[in-house]
Amino acid sequence: MTETKNCSIYEPKEDSVLLKKYVVQYAEGNVLDMGTGSGIQAIAAVNCPKVKSVLAVDIQEDVIKYCKKNIKNEIHENRRFSGHKKSKLFSCKIKFMVSDLFEALKKRNLKNKKFDTIIFNAPYLPSELKVKDLTIEGGKKGYEVIEKFLNEANNFLSLNGIILLAFSSLTKMEKVNEFIRNNLLEYEILEKQHYFFEDIYVCLIKKSKTLKELEQSKIKKIRFFAKGKRGLVFTGIYKNKKIAIKIKNPESEAILRIDNEIKNLKLLNKHKIGPKLLLMHHEFFVYEFIDGINIIDFLASNKNKKTVLKALKSILSQLFVMDKLKINKEEMSHPVKHILINKKTIPILIDFERAHYAFKPSNVTQFCDFLISENISKLLKEKGIILSREKIINAARKYKGKQNKRNFENIVALDNEH
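12 is the number of the first residue of the sequence shown in the numbering used here; add one for each residue after it.
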């Protein structure tokens, strides 16, 4: 490590040399060298015949100055051994920028720029070790910088572009795997070398087939949102609106869940139930993003009796339609993850991957169980909504025996008795 008055420069070590080996082999097109340091990777990339341009980025301004000086020395050497023409071409292919990862790129006219090769020799030591060196400090746990980098890299990587990432086993390989998966990327380990107390990895990362298909469908700014037992949910921007994307969880052994949910949503959307289905594919589907809170948080925070009753009746009405359609949702006794209340206090049912045909569905009766549970009864009572447990059970039993409109209305009307 070289120190200047205001910064530290990470001088090439084993990890830099190992990464350079694959930069020479794979770099092409427009190249971004993130955290350029001494400039070793940028210089290697500029010398690659398939490379058109190189942008060398570092968070420290003095590092960029140092790197420029290194490049000038390289140009001088090229003049000595290769002639003026090549050295001029060399200098024209490389530019420099001070930026904290992608921050400056997003603020300038480069926010829509796509790179064919992105290079990153990631810092990896936990900051809790109090090293206080940006060149090797990767965040509190050592992997936060890589996470931040991978969360943004998709937006700057061309459709068939690659990321060459070098990192240490001290970073925790399982965390890097998680960050790659959560950004719909895939990878292969090009090489692993052991040095003293750590292993150094160089990975080639690229966009997954699913990510490419989503981007080709004009979906931008794709971000991981949530993980379920059977599906992964991402958000994105489609036609200037925020949307949600569900794909199969690769860890799940469940089959045809995506197809099942698409089939259910297509039918239920005709009855204005569920989020609006926008795009569908055998591996994923895209639907409107519901910006809301779960039903328990809604019941706990909303003090307006009329608003709460209106929402509960809307939920029951939607469940009655599902009962008539013979679609059983399964989770209505514990619907906290399956009902969102949007900003207009309109309830929207979500997550239909387990929904299935049933001769006698139990959506309404299950939700009755939820309403008379101890915690929910208490929340409702605070708003002046008192439901007789005995009367709800009797009405639900009658409805179960004959699922008609009259028996359904008897359930809905019970709140009017108080």
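Calculated directly from the structure, the hints in this document are not laboratory data.
There's no promise every hint is true.
No more than 27 Å apart at the CA atoms, straight line, and that leaves these computed lysine-lysine pairs for DSSO-like [unchecked claim]:
no., residue 1, residue 2
1, LYS355, LYS324
2, LYS232, LYS203
3, LYS416, LYS402
4, LYS281, LYS122
5, LYS355, LYS321
6, LYS253, LYS63
7, LYS118, LYS106
8, LYS348, LYS283
9, LYS232, LYS117
10, LYS231, LYS122
11, LYS371, LYS281
12, LYS118, LYS229
13, LYS317, LYS371
14, LYS389, LYS411
15, LYS217, LYS274
All of these numbers come straight from a predicted model, not from anything done at the bench.
Open item on the list: Tell me if the straight-line CA distance from LYS348 to LYS283 falls inside 27 Å.
Closed with: Holds. LYS348 to LYS283 sits at ~19 Å (cutoff 27 Å).
Open item on the list: Next pair to validate is LYS355 with LYS324; report whether the Cα-Cα distance is within 27 Å.
Closed with: At roughly 15 Å apart (the allowed maximum being 27 Å), LYS324 and LYS355 satisfy the hint.
Task: Agreement of LYS232 and LYS203 with the hint, judged by alpha carbon distance not exceeding 27 Å - done: violated, 32 Å
- [ ] Would you mind confirming whether the straight-line C-alpha gap from LYS232 to LYS117 stays at or under 27 Å?
- [x] holds, 12 Å
Task: 27 Å Cα cutoff - pair LYS389, LYS411 - done: Distance ~25 Å between LYS389 and LYS411 Cα, so the pair holds.
Task: Restraint status (C-alpha distance of LYS217 to LYS274 at most 27 Å) - done: Roughly 31 Å separates the two Cα atoms, so the pair is violated.
- [ ] Sort out whether LYS321 lies within 27 Å of LYS355, counting only the CA atoms.
- [x] holds, 12 Å
- [ ] Take the C-alpha atoms of LYS231 and LYS122, compute the straight-line distance between them, and say whether it is at most 27 Å.
- [x] holds, 12 Å
TODO: Decide if the proposed pair is consistent with the structure: LYS416 and LYS402, CA atoms, cutoff 27 Å inclusive.
DONE: Within the cut-off at roughly 18 Å; holds.
Task: Distance restraint between LYS253 and LYS63, which requires alpha-carbon spacing of 27 Å or less - done: It is violated: about 35 Å lies between the C-alpha atoms, which goes past 27 Å.
Open item on the list: Next pair to validate is LYS371 with LYS281; report whether the Cα-Cα distance is within 27 Å.
Closed with: Measuring from Cα to Cα gives roughly 21 Å; hence the hint holds.
Task: Pair hint LYS118 and LYS106, alpha-carbon separation not exceeding 27 Å - done: holds, 17 Å
In terms of the numbered hints stated before, the structure departs from hints 2, 4, 6, 13 and 15, listed from lowest to highest.
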